[in-house]
Amino acid sequence: MHLSAHSHYQAELDAGRFCIQHCPQCQRHVFTPRELCPHCGASGLRWVRAGGLGTVYSTSTIARKVDAGGNYNVALIDLDEGVRMMSRVEGVAPEAVAMGQRVQAHVAHKDGRGLVLFTPVREGGAP
Amino acid sequence: MSRVPSSHLDAAAVNRPLRGRVAIAGAATYGCGESPGMDDMTLLVRAAQAAVADAGLTMQDIDGLATCSVNASMWTMPVIEHLGINPTYVDGTMIGGSSFIAHLLPAMRALEAGQCKAVLVCYGSAQRSASFGRKESVAARRFMDPQPYETPYEPVLPVTAYALAAARHMHEFGTTRTQLAEVAVAARAWAQMNPEAFMRDPLTIEDVLSARPIASPLTVRDCCLVTDGGGAIVLTRADRARDLPKPPVYVLGNATAIWNRQISCMPDLTTTAAAQSGAQAFAMAGLRAADMDMAQVYDAFTINTLLFLEDLGFCAKGEGGAFVQGGGIAPGGRLAVNTNGGGLSCVHPGMYGIFALIEAVRQLRGEAGTRQLGHHRTAVVHGNGGTLSSQSTAVLGTAEAL
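Residue numbers (numbering that gives the first Met the number 0), protein chains in the order written: chain A, 0 to 126; chain B, 0 to 401.
Bound-form chain B, shown alone:
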């Protein structure tokens, strides 16, 4: 129907020299769930402080910054002001929830070039508790970021966009409502082992199917949480990370792809740009989906997980439903997916990408408590932004995976 995106970039050739040259040396969350009285900046700063401490560094060691916000378009400046830092490298790229995963590769280049020595990637949002709520935010965004060919039809965004993708996936491949519900049920089962997860009550497939309809075929239990939360990671060159207290988590691959902004401009609703970002990230890493011990994917809605497992190569296109069926991605299943409970049950303060990264770091370090995986050498982390618009994939690994 629409333009078929194509890139001739050989990501393996261009980016391979950066494989494993940079590591995540620190990671932390703060205030996940409900944090009354907090604001975006406070959550960000406290998460940042904890991540820098986790890396065995002080805030004065931070000379690189990557951050963005849904609400403030010049967000790097107040963050720099609050942190009291003087960075020689700054990245404020805002492509929605995948941003913090997309911030990795440019930071790796800056670190490798010697432009800076420690990059803080950070986010905070009091989306749940803030007085400037979701309704005002949606109204402001309609003005700041207009979508004049969709707004007149009153799609409730983002959920309507994902509902249209889910409906199309069901139509083309016979994916069922039960298979979509499996994604939410698996996320909840993982969340029940995570003290930080916001929703930990038992959840059944029947609960998901009979929940309040939002936009067919999705119910409220197919939709991510609205929570507060801050998250941050610290990146350094790998040689420096090896001298710091925590085991380095190496960035083996990273790539970002964007094909559209509006869902109506997406070429094919059942194939996302994750097919491109995933292929390039895996090519850079020299690894395949089959080599991954876990997948932390941006599950803003249940359909996301199916689309991304397919597009990242864990199963063929259209087979995501069968892949997750019967507890396929729940604890004890064929693939560990969103082991913190994901955006569906753990935390989702507006943008989720940084939390997927942090969960991968915790698993790869062996710090994940009762939900800790037995095999934890490699992880793929996948971020999504907008309405299936931006996609960024990272492949991470321990020293064993180098």
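Next comes chain A alone, as it looks inside the complex:
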């Protein structure tokens, strides 16, 4: 059985693995998951483990009532592989997330489904 790219991505996440695609023809990484390389049109994209390091490209603090959980962060992260994704940076106040900040991915679970979240990389070395 051939899984859709999205089903494959989600199944890996549910198992705790953050994977993105790589094009064997043009050697570029691809996200969001899909059937054809958006750069060169090749099929047969391969799944590889994402390194997980990235940089905040843009960030917004979403206003939410305190009794609903309070404000939260939504960010766009540029992974070191050269692809961009939407996510959240957690572990700091939402308004403390800054563009250019280095972040590290981890797989969290919500309602039994895996999702990628980020935390800031500590100054001067390992996350």
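By construction, these hints were calculated from the structure, which means they are not laboratory data.
No residue lacks a Cβ here, since even glycine has one placed at the ideal position from N, Cα and C.
Among these hints, one or two may not hold up.
[Unchecked claim] Below, computed lysine to aspartate or glutamate pairings styled on EDC-like, alpha-carbon distance capped at 16 angstroms:
#1 A/K109 <-> A/E11
#2 B/K116 <-> B/D238
#3 A/K64 <-> B/E153
#4 A/K109 <-> B/E153
#5 B/K116 <-> B/D62
[As the list claims (entries may be wrong)] Just the calculated beta-carbon pair ranges, DEER-fashion:
#6 B/I204 <-> A/A67: 27 to 37 angstroms
#7 B/P212 <-> A/L52: 24 to 34 angstroms
#8 B/T92 <-> A/D13: 31 to 41 angstroms
#9 B/L372 <-> A/P23: 54 to 64 angstroms
#10 A/H38 <-> B/R287: 24 to 34 angstroms
#11 A/G43 <-> B/A52: 56 to 66 angstroms
#12 B/I204 <-> A/V91: 25 to 35 angstroms
#13 A/D110 <-> B/T57: 54 to 64 angstroms
#14 A/P37 <-> B/T92: 15 to 25 angstroms
#15 A/G99 <-> B/H81: 48 to 58 angstroms
Position chain B relative to chain A; hints supplied.
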């Protein structure tokens, strides 16, 4: 970061023969603001009826139709049923709020080819008053039009997408919150001269900055209205339009460009596909931004106006903030922008594009009342759809601009 879009189409060469061959012969709105008891279809049909009458035609003269809806994917069929027409040309392309501007070029080709003689472009939405409200609509759209790589992070769409673009614009170019607020304040100043505008109270920069936060850096006053409203225009060949009662508004250029659907897939958040659609529309028209007497741009959020003024060539990339500062796009400023009050203060029933077209028509005809511009020969109308996803630009002009 991402794929850089590129098209090798020479729009000037391909589309130039259509320049000025088709005109807007009729235009009307209906029920803008709050229309309790109305539904999408009623607003559309009444606007359509008024636009056809404005063109000096009857509904039986309409043999072309372009329309779409946020809620109904097969919307052309009930519209045809309600209007009682039998069109030989039908366009139901749905690319969000820019749709009705994107409907122009295919309609021009159909008119020029003789496939039809009068095309009605129409829209109606009771978004504000409908019982099937925004919350249900958002939930239904998540199912019908999934964005599985964004939804898990709970972005409040569309505003979060525009907030991310605004934050990036501020970061890269030093654009300030005050400059964003200038856009909302200018829109309100125009709205105060438009009896049809929904919000006409005075608005200051301080009011915008201190308004309820939605998604940083945007407050509720950086966001478009939620209103009811219907709008319609009628297109005919230019030679026929010259025999109809109203002065023809010629379509000199039109182009559409789409680079992405999801904001996370946008190659660069500070440059939109308007750079492509604008360049192609201006190339078709043989005109430049500097030749425009006004700009009617899709201001779903304050950042939109800055992005589109830059991408359409009114100023360099990153200089939109300085361009609008000090009342630059308010009445009496350097460029007349969104002279009806725009989506921020006049009307925004889900999709705004048709209303930008109608305001340009009113200005070009000299029918804009106390907000009428002294110079009104040329207009650029720009539509946006999705989350900075689809972009469509039209260049319009009076007989003088031909």
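Hints and how they fare:
1. A/K109 <-> A/E11: OK: A/K109 and A/E11 at ~15 angstroms, within 16 angstroms.
2. B/K116 <-> B/D238: holds (11 angstroms)
3. A/K64 <-> B/E153: holds (14 angstroms)
4. A/K109 <-> B/E153: holds (12 angstroms)
5. B/K116 <-> B/D62: Holds: B/K116 and B/D62 sit about 6 angstroms apart, inside 16 angstroms.
6. B/I204 <-> A/A67: 27 to 37 angstroms: holds (30 angstroms)
7. B/P212 <-> A/L52: 24 to 34 angstroms: holds (31 angstroms)
8. B/T92 <-> A/D13: 31 to 41 angstroms: At 37 angstroms between Cβs, range holds.
9. B/L372 <-> A/P23: 54 to 64 angstroms: Hint holds: Cβ distance 58 angstroms, inside 54 to 64 angstroms.
10. A/H38 <-> B/R287: 24 to 34 angstroms: holds (33 angstroms)
11. A/G43 <-> B/A52: 56 to 66 angstroms: Holds - the Cβ-Cβ distance for A/G43 and B/A52, about 59 angstroms, lies within 56 to 66 angstroms.
12. B/I204 <-> A/V91: 25 to 35 angstroms: Check passed, 30 angstroms falls within 25 to 35 angstroms.
13. A/D110 <-> B/T57: 54 to 64 angstroms: With a Cβ separation near 57 angstroms, A/D110 and B/T57 satisfy 54 to 64 angstroms, so the hint holds.
14. A/P37 <-> B/T92: 15 to 25 angstroms: Since the Cβ atoms of A/P37 and B/T92 sit about 23 angstroms apart, the hinted range of 15 to 25 angstroms holds.
15. A/G99 <-> B/H81: 48 to 58 angstroms: At roughly 54 angstroms between Cβ atoms, B/H81 and A/G99 fall inside 48 to 58 angstroms, so the hint holds.
In terms of the numbered hints stated before, the structure departs from none.
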